[in-house]
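Asks: Here are the chains, one letter per residue:
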Amino acid sequence: MTSHHHVEPKKMYFVIFAALMAFTAITVAVSRVDLGALNVVVALAVAVTKAVLVILFFMHVRSSPPLTKLTVVAGFLWLAIMIALMLTDYLSRAWLPEPKGW
Amino acid sequence: MADIAHPAELAHQFEDMDQQLDSSVFGMWVFLAQEIMFFGGLFVAYTIYRGAYPEAFREASHHLDLRLGGFNTVVLIASSLTMALAVRAAQLGQRAAIVANLLLTLALGSVFLAVKAYEYHHKYVEHLVPGLGFSFEGSHPANAQMFFVFYFLMTGMHALHMVVGAGLLLYFIHKARRGVYHAGYYGPVEIMGLYWHFVDIVWIFLFPMLYLIG
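Respectively, the protein sequence lines represent chains A and B.
Under the working numbering, the first sequence has 76 at position 76, and the numbering climbs by one with no breaks.
Under the working numbering, the second sequence has 191 at position 191, and the numbering climbs by one with no breaks.
Note that these hints are calculated values from the structure, not bench results.
Check each hint, because a few of them may be wrong.
Simulated DEER-style distance windows between Cβ atoms [stated by the list, open to error]: (1) L160(B) to F76(A): 47 to 55 Å; (2) T88(A) to H122(B): 17 to 25 Å; (3) L113(B) to A80(A): 48 to 56 Å; (4) A25(A) to E9(B): 37 to 45 Å; (5) R93(A) to L92(B): 54 to 62 Å; (6) F76(A) to L68(B): 45 to 53 Å; (7) A74(A) to G133(B): 40 to 48 Å; (8) M37(B) to P66(A): 16 to 24 Å; (9) V7(A) to H122(B): 16 to 24 Å; (10) L44(A) to E55(B): 14 to 22 Å; (11) A25(A) to G93(B): 34 to 42 Å.
From chain A, some residues computed to sit far from chain B (all C-beta separations above 12 Å) [what the hints assert, rightly or not]: (12) Y13; (13) K50; (14) A51; (15) F58; (16) L96; (17) E98; (18) P99; (19) G101.
Quick list of in silico lysine to aspartate or glutamate cross-link-like pairs, EDC-like style, CA-CA up to 20 Å [to be verified]: (20) K10(A) to E190(B); (21) K69(A) to D65(B); (22) K11(A) to E190(B); (23) K69(A) to E137(B); (24) K123(B) to E35(B); (25) K69(A) to E119(B); (26) K123(B) to E137(B); (27) K116(B) to D65(B).
Heads up, the beta-carbon is just placed ideally off N, CA and C, and yes, glycines get one too.
All chains, full assembly: derive it from the sequences and hints.
Replies: Structure, rendered in structure tokens:
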């Protein structure tokens, strides 16, 4: 059915580990500098990058069959839908005038 | 069809070992998709409250120890590396290397949990546990308490997953020592790895959300 069960070289795992350590150092360093609203953006971008590295290389999704890839994408797509719908509610509440009551 | 040798580990509903492995990896990712929604719900609730009380969340966050959180981040990512190396050893059928790497993973996971327990105790002593004599010197104590509700809920659910993972590791170490896993049958170790890496990913998000606010 598939030929994805190949063994990755050890070096690949150590390179990914080093990258994850580097991104951890970056996120701590950036959090110490006041960038205003950009701080959250950088923190999230670094966390997402680290997660993608773990998923693709440590969890072998990069060499997984299409069905597995689709499942992973679907999992995060549904998360995105939940976040988007919740935030559209809470972020837009202040746009409307206070209800005056009955 | 019946004239090829049937591997002992092949369940009868599967055609071959490849299909069995693909199916279990797919099943595990369906479970992890559910886990994504579970932790995702907590993340969204946290985001909404942080948006509502930015000042209180920043003040409360400063009561967490960045060094301990950072140390635990390094420890947990290192445990993901050893877990990945255990899976690789299983793919190659290197029994001693599977056991050694699983033991290292268990040891690093235990260090993480020990540091977490120390942090929890410290919060208890400082009266920062919601519901247990919470008191906070700041402008908005009630809102700061909300931060600690999320802190304990999210790190607590994460730690619970770690404890479950540690129990699973003990089981896998036992099986690996008996030589159950080899190049033709390493699927269960791969699945164990998927669980462990997922728990690592949750922490990758919790660390900046809780420890690195302003």
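Asks: Run every hint past the structure and note whether it holds.
Replies: Hint check results:
1. Under the hint 47 to 55 Å, the C-beta atoms of L160(B) and F76(A), about 23 Å apart, miss the expected range.
2. Distance hint check: the CB atoms of T88(A) and H122(B) are about 39 Å apart, inconsistent with the given range 17 to 25 Å.
3. As the Cβ distance of L113(B) to A80(A) is approximately 31 Å, the hint placing it in 48 to 56 Å is violated.
4. For the pair A25(A) and E9(B), the supplied restraint of 37 to 45 Å holds, since their beta-carbon distance comes to about 42 Å.
5. The given range of 54 to 62 Å is respected by R93(A) and L92(B), whose C-beta atoms sit roughly 56 Å from each other.
6. In this structure the supplied range 45 to 53 Å is violated for F76(A) paired with L68(B), their Cβ-Cβ distance being about 29 Å.
7. About 45 Å separates the C-beta atoms of A74(A) and G133(B), a value consistent with the hinted range of 40 to 48 Å.
8. Here the CB-CB span from M37(B) to P66(A) is close to 22 Å, well matched to the stated 16 to 24 Å.
9. A hinted range of 16 to 24 Å is violated for the C-beta pair V7(A) and H122(B), which are about 43 Å apart.
10. Hint check: L44(A) to E55(B), Cβ distance near 20 Å, so the stated range 14 to 22 Å holds.
11. Between A25(A) and G93(B) the beta carbon distance is about 36 Å. The supplied range of 34 to 42 Å therefore holds.
12. Consistency note on Y13(A): stated as away from chain B, yet its beta-carbon is not over 12 Å from all of that chain's, at 5 Å minimum.
13. Not every Cβ of chain B is farther than 12 Å from the Cβ of K50(A); the closest lies at roughly 5 Å, contradicting the non-interface assignment.
14. Residue placement check: A51(A) does not keep its beta carbon more than 12 Å from all beta carbons of chain B (closest about 5 Å).
15. The Cβ of F58(A) does not lie farther than 12 Å from every Cβ of chain B; its closest approach is about 5 Å, which violates its non-interface assignment.
16. Annotated as non-interface, L96(A) keeps its C-beta farther than 12 Å from every C-beta of chain B; the closest such distance is 17 Å.
17. Interface exclusion of E98(A) from chain B stands, the closest Cβ pair being 16 Å apart, more than 12 Å.
18. With a closest Cβ-Cβ approach of about 19 Å to chain B, P99(A) is found to remain outside the 12 Å limit, as its non-interface label requires.
19. At roughly 22 Å, the least C-beta separation between G101(A) and chain B is larger than 12 Å, which holds for a residue marked as non-interface.
20. The suggested pairing of K10(A) with E190(B) holds, with an alpha-carbon distance near 16 Å, which does not exceed 20 Å.
21. For the hint pairing K69(A) with D65(B), the CA-to-CA distance comes to about 37 Å; that exceeds 20 Å, so the pair is violated.
22. For a cut-off of 20 Å, the pair hint linking K11(A) to E190(B) stands: about 19 Å separates their Cα positions.
23. This hinted pair does not check out: K69(A) and E137(B) have alpha carbons roughly 49 Å apart, beyond 20 Å.
24. A threshold of 20 Å between alpha carbons decides the hint, and for K123(B) with E35(B) the separation of about 27 Å lies outside it, so the pair is violated.
25. About 37 Å separates the Cα atoms of K69(A) and E119(B), which puts this hinted pair outside 20 Å; it is violated.
26. A distance of roughly 14 Å separates the Cα atoms of K123(B) and E137(B); the hinted pair therefore holds under the 20 Å criterion.
27. Simply put, K116(B) and D65(B) have alpha-carbon atoms about 11 Å apart, close enough for the 20 Å limit, and the pair holds.
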